[in-house]
Every structure is written in structure tokens, then in C-alpha cells.
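Build the full structure now, drawing on both the sequences and the hints.
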Amino acid sequence: PIFGGYAGGLEETAIVDVASTLNAFVMTQANYVLDGPVHVRWGITTAREAFAVAAHAARAIDANTDLMIANQYYTMAGPCTVMCLLETAAQAMVDTASGRELLSGVAAAKGVATNFTTPMEARFMAEVARATAGLELDKVNEMVNKLLEMYEKDYKTAPAGKSFNDCYDLVTLTPTDEYIEVY
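So that you can map any letter, position 44 of the sequence shown is 330 in this note's numbering, and since no number is skipped, the others follow by simple counting.
Among the hints, a few may not be true.
What the hints assert, rightly or not - Lysine to any residue pairs mimicking SDA-like chemistry, simulated, CA-CA at most 25 Å apart: (1) 396 x 413; (2) 439 x 349; (3) 396 x 451; (4) 432 x 420; (5) 432 x 444; (6) 439 x 388; (7) 425 x 388; (8) 396 x 440.
Said to hold, decoys possible - Pairwise CB distance ranges (calculated): (9) 464 x 422: 15 to 21 Å; (10) 387 x 291: 22 to 28 Å; (11) 348 x 401: 30 to 36 Å; (12) 334 x 459: 22 to 28 Å; (13) 436 x 317: 31 to 37 Å; (14) 467 x 313: 42 to 48 Å; (15) 446 x 352: 37 to 43 Å; (16) 305 x 420: 26 to 32 Å.
Rather than coming from a laboratory, the hints here were simulated on the basis of the structure. Glycine included, C-beta positions come from ideal geometry on N, C-alpha and C.
Below, the structure written as C-alpha cells:
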């Protein structure tokens, strides 16, 4: 589902998200469905409106079914940047608090830059999800809003980040000291 696309605004896109998720289970007899509401202007899943759609759809599905749902992350910023990790943290919190069973991973730099995804984003996503599990929704909303305030003003100037080759030692497959410091 695309917020701001053919479905329209938040409510309509959330309805389309739920419907397309249910349809995917019926049509493909899937074990789980991975959606990821994308913001039509920014092409990311970490925008405020995409979070609202994802959260409401996941809560509705979780409250009324036993279906397993997942989400993919498309951040504006690239790897080895604070902004990428802030976006990842916000979405991991939204997805965990909303009842998603599977967090698929992070396609940094909107998932379109070749070789701009690393294991550090997925590691951070998992650590934030574990820390979020069991928190009250009001507390999660408060923290997500603070995270959004830290990065959403920078969409137009988001840092491209660094490629996997520049973030990781290619022999040992470990993150560089620079990325560890950012992390």
C-alpha cells in the first residue's frame, strides 16, 4: 500500500493494507505476509504517515486473526549514518508495539542504492525491537514521535551513507570502527 497513492489518505490506505494482506493470505496461501506501507512522496516506510498506516493495519490484523505479518524497512538515509539508525529504531518500535511477528530487515537508502545495506541495520532493528517488547503503547508513541522529530526534517538532505564495502572489513566481515562509533 502506498500512502498518498490511489488509496488516498491514512484511513483509506490502512484499509487497503488490511485488505491486501488478507488477500495475499487467501490468494497465495502464504505462511506470512510482508507489507510495508510506503510514502508516495518520499519512497520510504519510515515516514510518519507510513507508520500510522502500518501500525493501524497491524493492530487490526493482530487483534482479529492469528495471521503472521511482517514489514520491510526502507530508510531515507544510507548505512553508517545516525539518521538511518534513528529511522530504523522508530520503525522497529512501531512494528513491535503493533504486533508484527516478523521484522524483515532494513533496505537503507530507500532500498534503491546498490550495495547500501549492511548487517548493522538489521542488528540495530532487532535490538530496538527487543527493548520495545512489552512497553505501553503511550510510551512507544512518545518515543517514536521524538525520533521522528529528530530526522523527518532532514528528508531532503538525508545523508547517502556508505556502501557495504566502506562500512565493513571485507576480509573479516566486521563493521568498521567508524560504523561501530555511529552505532
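Self-check item: Supplied distance hint 22 to 28 Å, evaluated on CB atoms of residue 334 and residue 459
Solution: violated (35 Å)
Quiz item: Range hint 26 to 32 Å: satisfied by the CB atoms of residue 305 and residue 420?
Solution: Roughly 30 Å apart at Cβ, these two residues keep to the hinted range, so it holds.
Quiz item: In this structure, is the beta-carbon distance linking residue 467 and residue 313 contained in 42 to 48 Å?
Solution: holds (46 Å)
Exercise. Would you check the hint for residue 439 and residue 349, treating anything up to 25 Å between C-alpha atoms as holding?
Key: violated (33 Å)
Practice problem: Would you mind confirming whether the straight-line C-alpha gap from residue 396 to residue 440 stays at or under 25 Å? | Solution: holds (14 Å)
Quiz item: Holds or violated: residue 439 with residue 388, Cα cutoff 25 Å?
Solution: With Cα atoms ~29 Å apart, residue 439 and residue 388 exceed 25 Å; violated.
Practice problem: State, for the Cβ atoms of residue 464 and residue 422, whether the hinted interval 15 to 21 Å holds or is violated. | Solution: violated (36 Å)
Quiz item: Is it true that the CA of residue 425 sits at most 25 Å from the CA of residue 388?
Solution: holds (22 Å)
Self-check item: 25 Å limit on alpha-carbon distance, applied to hinted pair residue 396 and residue 451
Solution: holds (18 Å)
Self-check item: Range hint 22 to 28 Å (beta carbons of residue 387 and residue 291) holds or violated
Solution: This hint holds: roughly 26 Å between Cβ atoms.
Practice problem: Verify the proposed pairing of residue 432 with residue 444, using a straight-line Cα cut of 25 Å. | Solution: holds (18 Å)
Quiz item: Using the C-beta atoms of residue 446 and residue 352, is the stated range 37 to 43 Å upheld?
Solution: holds (41 Å)
Hints 2, 6, 9 and 12 from the earlier list are contradicted by this structure; the remaining hints agree with it.
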